[in-house]
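Engineer: First to last, the protein sequences are chains A and B. Every position in the first sequence, counted from 1, becomes a number in my numbering once 999 is added. Every position in the second sequence, counted from 1, becomes a number in my numbering once 11 is added.
Be aware that a few hints might be false.
Unchecked claim - With the C-beta cut set under 7 angstroms, the calculated list includes, among others, these residues of chain B facing chain A:
1. Thr71
2. Val72
3. Phe135
4. Leu218
5. Tyr252
Unchecked claim - Okay, derived cross-link-like pairs now, DSSO-like style, lysine-lysine, Cα gap no bigger than 30 angstroms in a straight line:
6. Lys124/B - Lys1071/A
7. Lys1071/A - Lys78/B
8. Lys15/B - Lys124/B
9. Lys78/B - Lys117/B
10. Lys1071/A - Lys100/B
11. Lys100/B - Lys1105/A
None of these hints come from the bench; they were simulated from the model. Just so it is clear, CB atoms sit at the ideal spot from N, CA and C, and this is done for glycine as well.
Listed here are the chains, written in short residue letters.
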Amino acid sequence: MIFEMIAAFAAALAFAVIFDVSRSELIFCGLAGLAAEGIYQTAMLIGDRSGAVLISAAAVTAVSRIFANLRKTPVTVYLIAGIIPLVPGAGMYHTVFNIIASDYVKAMSVGIDTIKAASAIAIGIVLVFALPNRLFFKKIKK
Amino acid sequence: MELKELLDFAAEVGKCLLESGGETSRVEDTLTRIIKHFYNGHSEIFVVLTGFFVNIEIYTVTVRVGKRTINLEKVSKINMMSRDIVSGKIGFGEAVERFEGIKQSKGYPVWVKTLSAAVSCAFFTLLQNGGLSDSANSFLVGAAVYAVIWLMRRHSAADFIVTFSGGVLIAMLTALMYTLGLGGNINIMIAGSIMPFVPGLAVTNALRDIIAGDYLSGGTRIFDAVVTAVALAAGAGAMMYMLEYISGGRL
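One chain only, chain B, in its complex shape (with noise of 0.2 angstroms):
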């Protein structure tokens, strides 16, 4: 095994790391272990949210990542990886090998996503005392949304304005559907329906990088949370102030 080889791959786990959702201090962590089992010399590694540097005595990798998304499978298995690396269990070949069979994995079909969706909207909102019929309005509306923004993702529009959008359309369709008969109460279908798209992993990442020291991932990941947080109340909450002034005031 060559330097560069283990740097590359290394880099590769970082990258994947990052992009599915793991910590900050998971991508050193990990790249720490895999690098020092393999070379004993000289290494360093600094990681920040948008990217890291890999630096194995000569040679130094840049890698940017732009594209984050939420994979907690990838993240587990590359952790199992790390693990049996360091233990010994499997050599670089192996892991190489291994690695190549997680970055392939693709998760759970877009449909199974959108009516697990629907499904916690759905049970979200009987947790805010809603009742049957909100529950239901709920559910249909979580579906919608989650597919929306997910083919929004795809067609890559920033984060920001598929969150804000995402707020929009849940009140939108909630209104709408109110107004079709079906639910009682819509402030709680609404704050049922926004619960799977707050950002709840990137606070609990935040307050990991911040545990560990690292403030400036952790400070970015703050903002990152409070930014789609405030995008989706806002979504939600301007549509439903429209709607109510524009039907005066019978929604």
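Isolated chain A (complex conformation) (with noise of 0.2 angstroms):
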């Protein structure tokens, strides 16, 4: 667990460069991405996948904007290379490949669960953003 969460540091940190994040906020991009697959890992331990992804998504969300209060800079700049590791690649590519391979019964199954797990980011992204500010600067301030 503790090597696929350096593994999601670098690639979250990597991933922000694309998008031309500012030189200072580039390692909280790769902690926001850390957090991400540490969360997701042990929720894993006790549930199942799109579980696991909701409350990652959530979490890391969270975590986003308390670095967006701590830093005074857009969420989005930390919550895209946080919520990178839990997007369904993987499914996506293996969804187009079946139906292509025309093996619809397997295309369905893959590409339901991928589905899940992109709902499941999308509700955990918005259940946090739907919070009040306040929530997270007292967390600062305490």
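Two chains, two separate frames, one set of hints: put the complex together.
Structural biologist: Structure (structure tokens):
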């Protein structure tokens, strides 16, 4: 799990560079990715995949909002890098591949799995974004 | 400061924000704050994904935003500038000056981004339970694909074609290097290599716009993200299927 978290850190940090995130914020983008993967792996120990993705997406959104308030930078900067380890890229590819290969049963099951994971990310983000901003300021001043 | 000047400044800021990948709600919010700070009278702003209108009293500008890239540094800096304007730290003249500087910032050089795309591909492959040789393969594929995508964007090819070609190229190069003996699992390598090209920003922005109640922009962005994702996966999937077919299932 430690290994995965380090890989997610590096991947998220490198991913942030592609989007021209300023140098001073890169490390926080990496940390957001690390948090996402760490929480995902932990949640996977007790639950199934979409639940783990949901919890992890919500947590990483909270982390991003805290960073955003600390660093006075838009949340998007951290959030994009943070959620990327959760994005079901492999599922997307396998779905389309199976459709092209005419294996519709497999395509359907992989596809619905992918949509489930993507929706879980969306719901996780929305849930935490709906919380008032004051909540995240307080956390810092504690 | 004349109203016309304020309007032009606001239009420029909005254009830069929208072009750099700011959310629609952010553009609306930033422009409202800037204009309300400098002028107390009537003003209206209406922003969609591909352009916006700003109106102050009798003046109106319509700005059309064609080319949308992603530069989060500009978005953050404009955000900072608007905070400083609202808190009264900088006046109009200073703001204009600072904005000129922000507009000029170029971001990281292409080779740095190419290298980052490669590194990110390599680590995503490791995250998908790939081995070291898989990761090395993805590293090379990532660098090549990012460079090609960048070149195509520069010659302003359509987004769909760029992403689709990216997917095709990922499958082709991965299979090529697999045949040459690098990497052990094609599926893992492709899954890792497509990660840096998935539309993460579009989805995030879409959600933020939808939460802000802007279903028009949110919906457009979701559609944008779906098209990009499908183009990428379809490119890689179609190419891979073709290669498998040609090679008689040996890949």
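Engineer: Out of the numbered hints, which ones does the structure contradict?
Structural biologist: 1, 2, 8 and 11
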